[in-house]
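J.: With the hints as extra help, turn the sequences into a complete structure.
In the order they appear, the protein sequences are chains A and B.
Sequential numbering from 25 applies to the first sequence in our numbering.
Sequential numbering from 53 applies to the second sequence in our numbering.
Simulated from the structure, these hints should not be mistaken for laboratory data.
Remember, it's a predicted structure, so these values are computed and weren't measured experimentally.
We treat Cβ as the ideally placed atom computed from N, Cα and C, and that holds for glycine.
Fair warning: there could be bad hints in the mix.
Stated by the list, open to error - Label pairs and their in silico Cβ distance ranges: (1) I70(B) / W333(A): 47 to 53 Å; (2) R235(A) / A285(B): 44 to 50 Å; (3) A183(B) / L114(A): 51 to 57 Å; (4) S305(A) / K108(B): 53 to 59 Å; (5) S172(B) / R136(A): 31 to 37 Å; (6) R339(A) / A183(B): 28 to 34 Å; (7) P146(B) / V323(A): 16 to 22 Å; (8) S125(B) / E302(A): 48 to 54 Å.
As the list claims (entries may be wrong) - Going by beta-carbon spacing under 8 Å, a handful of chain A positions derived as facing chain B: (9) L207; (10) H209; (11) F212; (12) R214; (13) F221; (14) R225; (15) Q227; (16) A228; (17) Y236; (18) A239.
Claimed, not checked - Chain B regions said to be covered by chain A (calculated; three or more residues, Cβ under 8 Å): (19) 66 to 75; (20) 121 to 129; (21) 161 to 168.
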Amino acid sequence: MGMVPRSVSAWCYAALLAVLALAPFLFEWMEQPFYLDLLSRGLILAIAVISLNLILGYGGMVSLGHAAYIGIGAYCVGIPAYYDLYNGWLHLALALGVSGLFALVTGAVSLRTKGVYFIMITMAFSQMVYFIFLSLEEYGADDGLVIYARSEFPEWMSMDGATSLYYWIFILMLLSLFLINRLVHARFGRVIVGSKFNEPRMQALGFDTYRYRLACYVISAMLCSLAGMLLGNFAGFISPDMISWARSGELIFMVIIGGVASIFGPLIGTLAFVVLEEGLSAITVYWHLIFGIMLVALVLFGKGGIHGWLSMLDRKRVEHD
Amino acid sequence: MTEHLLQVSSLNKHFGGIYATDDVNLAVEQGKIHAIIGPNGAGKTTLLAQLSGQIKPDSGDIEFGGKSIIHYSMARRAREGLARSFQITSVVMPMTLLQNVMLAVQGTGGHSFRFWAPVSDDREMRDAAMASLAEVGLDDRADRVAANVSHGEQRQLEVAMALAMKPRMLLLDEPMAGMGKEEGAMMVEILNRLRGDKTILLVEHDMDAVFSLADKLSVLVDGHIIATDTVEAIRNNLEVQRAYLGDSHA
Ligand SMILES: Nc1ncnc2c1ncn2[C@@H]1O[C@H](COP(=O)(O)OP(=O)(O)OP(=O)(O)O)[C@@H](O)[C@H]1O
Ligand SMILES: [Mg+2]
Chain A
25 MGMVPRSVSA WCYAALLAVL ALAPFLFEWM EQPFYLDLLS RGLILAIAVI SLNLILGYGG
85 MVSLGHAAYI GIGAYCVGIP AYYDLYNGWL HLALALGVSG LFALVTGAVS LRTKGVYFIM
145 ITMAFSQMVY FIFLSLEEYG ADDGLVIYAR SEFPEWMSMD GATSLYYWIF ILMLLSLFLI
205 NRLVHARFGR VIVGSKFNEP RMQALGFDTY RYRLACYVIS AMLCSLAGML LGNFAGFISP
265 DMISWARSGE LIFMVIIGGV ASIFGPLIGT LAFVVLEEGL SAITVYWHLI FGIMLVALVL
325 FGKGGIHGWL SMLDRKRVEH D
Chain B
53 MTEHLLQVSS LNKHFGGIYA TDDVNLAVEQ GKIHAIIGPN GAGKTTLLAQ LSGQIKPDSG
113 DIEFGGKSII HYSMARRARE GLARSFQITS VVMPMTLLQN VMLAVQGTGG HSFRFWAPVS
173 DDREMRDAAM ASLAEVGLDD RADRVAANVS HGEQRQLEVA MALAMKPRML LLDEPMAGMG
233 KEEGAMMVEI LNRLRGDKTI LLVEHDMDAV FSLADKLSVL VDGHIIATDT VEAIRNNLEV
293 QRAYLGDSHA
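T.: Below, the structure written as structure tokens:
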């Protein structure tokens, strides 16, 4: 694996990562601390979207319930914090454990279905989580719960302070990208991608596709719960709203904007979404409408999303060489 | 006593009122090419689909290598060494020919819960896949995307994938369907080379190919096997001529 980018898109991604790595200093110099907030939120969402892309983009499993795992991750910080349990390892273990278990059980059921039924059933399960959290009077029900302090980790990896938390988020996001990159190019990933396009053929080749897809679903959910754990810490607040199916729909849009089944697509898709949302809402109160139209246009005409456009540049350059 | 690798007994399958498989008994000898012929809609594909585990029979038993595989899933049967190629090309279209065949190799190599090492670095798997591609004469097009090669080449890819599974038995559903004369001749040659080495159940419409390849022939009409015999005997079988060859060869 070479360390020097070999194409236009690779250069863009390398530059983007460099900017993200230096963002706290950049924004401090620009005296715009709010931007760091925005970017932190964006990168947290990016982790969720990267995880969704694994099942949706690579695996062809269109889940309309992925926000549930953000919620589970966040509540795994909020509920222990309510009892003054701030140990970060505990939060991390809970988030990964609960989301993994929940994904195993609900995935085992959902993956028996295909297409629209899969979409509906994943949405139903996430609504179930939504209503469970809504009914938890002890933890604020629909008012939510304030988290008074961040998860506690050893000094050198503390989350306290905007910059420290930002690097937590940035590094976990990088690790997610790396993990997905390894996964999809390994044997496991080949089975997942093959099953997306031709599941019966994969079975005829000897693969128990159901098991691989279920494992993929669980991995994706656990990764997404990390986003939730970070979001709980970042917002200092949790509520059932995090889980609404509209949230899950937004995650799907971010995947599509960036470009499905690409490593960096989810990251740029999410950043584009967050920036657009912020920019448009500052300009006009009708931003939802404009945003909607843009999304529809993108889905209809923008095959491959932003990653697709960048790749077209790569191909043009190859032709010129 | 001859050794039967595949033994089908009293197999039945109906779709509504259609008896697609009607009390089929079939025994395929180790190392032989056994062909099944029959008119369109006779139930040839349905039979192969039941053997490969894609369709569940209503009743009957299938023994492979001496044990019943009737309750095995499609994937398990493939891992037991029963490989199928499809009448309607069924490959992973967006992948390259090499990637497709590598998937077939991968399927034979234990579980795929391997999350870290890139497949593209796996020399052994790559070499095995290239060898199968070479067997069907596709090695010079290994990096072409499956969706972009000709129909005939996709048919060859089907067979290469089945071969790459290193199966004990091949179930081939009209491997020559839609092929040109030259490609068809090449496929006959490929299958001829496998003679003795692999046990093959061959469904094929091309009579010349069948007569030159098969050690044994079964004639399937309306889901029922009306005759099983040597090629010579079947050729001379009047009943068969009336039921099947009548329209084209009489
Ligand atoms: N899933 C199904 N549902 C209902 N009927 C079916 C189904 N599959 C096959 N059939 C019917 O069963 C009969 C046998 O079909 P099959 O495809 O096995 O024939 P075949 O011998 O392979 O024909 P061909 O030479 O055209 O490939 C046909 O009448 C077909 O219409
Ligand atoms: Mg058929």
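J.: Work down the list of hints and note, for each, if the structure agrees.
T.: Outcome of the hint check:
no. : hint                          : result
1   : I70(B) / W333(A): 47 to 53 Å  : holds (51 Å)
2   : R235(A) / A285(B): 44 to 50 Å : holds (47 Å)
3   : A183(B) / L114(A): 51 to 57 Å : holds (53 Å)
4   : S305(A) / K108(B): 53 to 59 Å : holds (55 Å)
5   : S172(B) / R136(A): 31 to 37 Å : holds (33 Å)
6   : R339(A) / A183(B): 28 to 34 Å : holds (32 Å)
7   : P146(B) / V323(A): 16 to 22 Å : holds (20 Å)
8   : S125(B) / E302(A): 48 to 54 Å : holds (50 Å)
9   : L207                          : holds (5 Å)
10  : H209                          : holds (4 Å)
11  : F212                          : holds (5 Å)
12  : R214                          : holds (5 Å)
13  : F221                          : holds (5 Å)
14  : R225                          : holds (5 Å)
15  : Q227                          : holds (4 Å)
16  : A228                          : holds (6 Å)
17  : Y236                          : holds (7 Å)
18  : A239                          : holds (7 Å)
19  : 66 to 75                      : violated (count 0)
20  : 121 to 129                    : holds (count 4)
21  : 161 to 168                    : holds (count 5)
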